[in-house]
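Q: Hey, can you work out the whole structure from these sequences and the hints?
Listed below, chain by chain, are the residues.
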Amino acid sequence: MANGIYVALSGAVAQSQALDVVSNNVANASTSGYRAVRVTFGEALTKAKGMDQRFAVTQGTVVDATQGTLVQTGNPLDVALQGDGYFGVNAPQGVRWTRAGELRVAADGRLVNADGLEVRGAGGKPIAVPPDAAEITIGADGAVSAGDTQLGKMELARFDPKSMAREGATLYRATAAPVAGAPEVVAGALESSNINVVRGMVDLIRVSRTFEALHRAIETYKEIDQRTAREIGGPK
Amino acid sequence: MIRSLSTAATGMEAQEKRLDVTANNIANVSTNGFKKNRAEFEDLMYQTYTTPGAATGANTRTPTGLQVGMGVRVVATQRMHTQGDIQQTGNSLDLAIEGNGFFPINLPSGEVAYTRDGAFKLDAEGKIVNANGYALASDITVPANAQTVAIGADGTVTASVAGEKEPVSLGKIELVTFANPAGLVARGKNLLQETASSGTPIQEAPGQNGIGTLAQGSLEGSNVKVVEEMIDLISGQRAYEVNARVVKAADEMLQQSANLR
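Each protein sequence line maps, in turn, to chains C and B. Under this note's numbering, the very last position in the first sequence is 236; numbers go up by exactly one each time. Under this note's numbering, the very last position in the second sequence is 261; numbers go up by exactly one each time.
Hints should not be assumed to be uniformly reliable.
To be verified - With a straight-line cut-off of 20 Å between C-alpha atoms, the simulated SDA-like cross-links for lysine to any residue are:
id, chain 1, residue 1, chain 2, residue 2
1, B, K17, B, N37
2, B, K225, C, V71
3, B, K225, C, L70
4, B, K248, C, V198
5, B, K225, C, G74
If you're looking for bench data, these hints aren't it; they were derived computationally from the structure.
A: As structure tokens, then:
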């Protein structure tokens, strides 16, 4: 049996995982604040009978931190972040970070995101909006004000993109301490997903063609094994 | 690959919902006081194979994790309470609210609903009612001998009656606001109702605390902008198409694997 069939198989498995990542990106083409996932491949080495064999593995997924396009919505409670970074929300499982800025005021006056998680103000405290507040404005530094009264300031932070673990609902969990700097807040706009549909399609073609090529290789190994069995093993 | 099939399906499903929302917005482009809706998306959970920062040795950590997402869902449809265009109609019972308030309307069931549609009329008894015949909660009756009805920016309703020198005061139209107007539930017929997430109605006279003033002889149109909806329609359709391509690619790849034997 030729061992190469397993090398081709490892590549095919890695490519099918890559397809899962590409399909998630494409599915989130309209999710505001979504950041594309890139998959990185690596090799795993085994020494078999003095001969090196390199297997392909998916090494990791990284967050593509490219800025998404800002779309003007005119809603004063929509915020987009310009530049790298996130704003904090208090999720039941602890502090989480996001760029999806579809904010609203809850019935009790707290500023919350689309999932109803409260937006973290200074020191992790919620930002309370009084019921009679006329017009709410959010400044570039994240300061939330009603008229001349400042109600609170959104907690903004920047992280190494590699230390952000995704949790769904456009939330991220930080696995390392924040780095210096903060993004700028643009009110009245939303950051669209940074998925480039063209790139998504190109990724799709590349994944499916590579997968096809690896299948050809598996097919070829299969034929070699078949011929070996037939021509050497069987009677003439 | 089976996962990418279902991931792409979530994408198609979410885009379909967005299209439904857009279609309803476009259908209501001429509805008085209509507020457009917007579908908001969020990604589903992730399958984590390796957490970023997991230890790989005594002093080493993985620089990146390995996480594969499960797709997307529509988390909410948000009603956008921006002001619609105000059109002059000249009809004395057409009222537009310039600000955040709503007109409270008494439903036949005894419940109260809220609307921005200010196209009011009179019923047989002279009561101010909406197009469906539901009375304005402020309960104002215009006498049969009234010649003209004047409604001030602050909501005071007066009528000039034949034989009277001074205009007769008929009452005051009050408005309500909510802490979270986007949390109101739409009931159709241009009516919204209170929910646990909208908060309780705060009643105010027009002009107080940013609740808005009334403009007589005007109507607030729909705040749907056709160009924006068309762009949404195009990008939604394209995104749907791209997700369909992913389904096709995953299907082809599965077929190749199936044909190996």
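Q: Run every hint past the structure and note whether it holds.
A: Okay, the hints, checked on the actual structure:
1. K17(B) x N37(B): holds (12 Å)
2. K225(B) x V71(C): With a Cα-Cα distance of about 15 Å, the restraint between K225(B) and V71(C) holds, given a limit of 20 Å.
3. K225(B) x L70(C): holds (19 Å)
4. K248(B) x V198(C): Since the Cα atoms of K248(B) and V198(C) sit roughly 17 Å apart, the hinted pair holds (cutoff 20 Å).
5. K225(B) x G74(C): holds (12 Å)
The earlier numbered hints are all upheld by this structure, with none contradicted.
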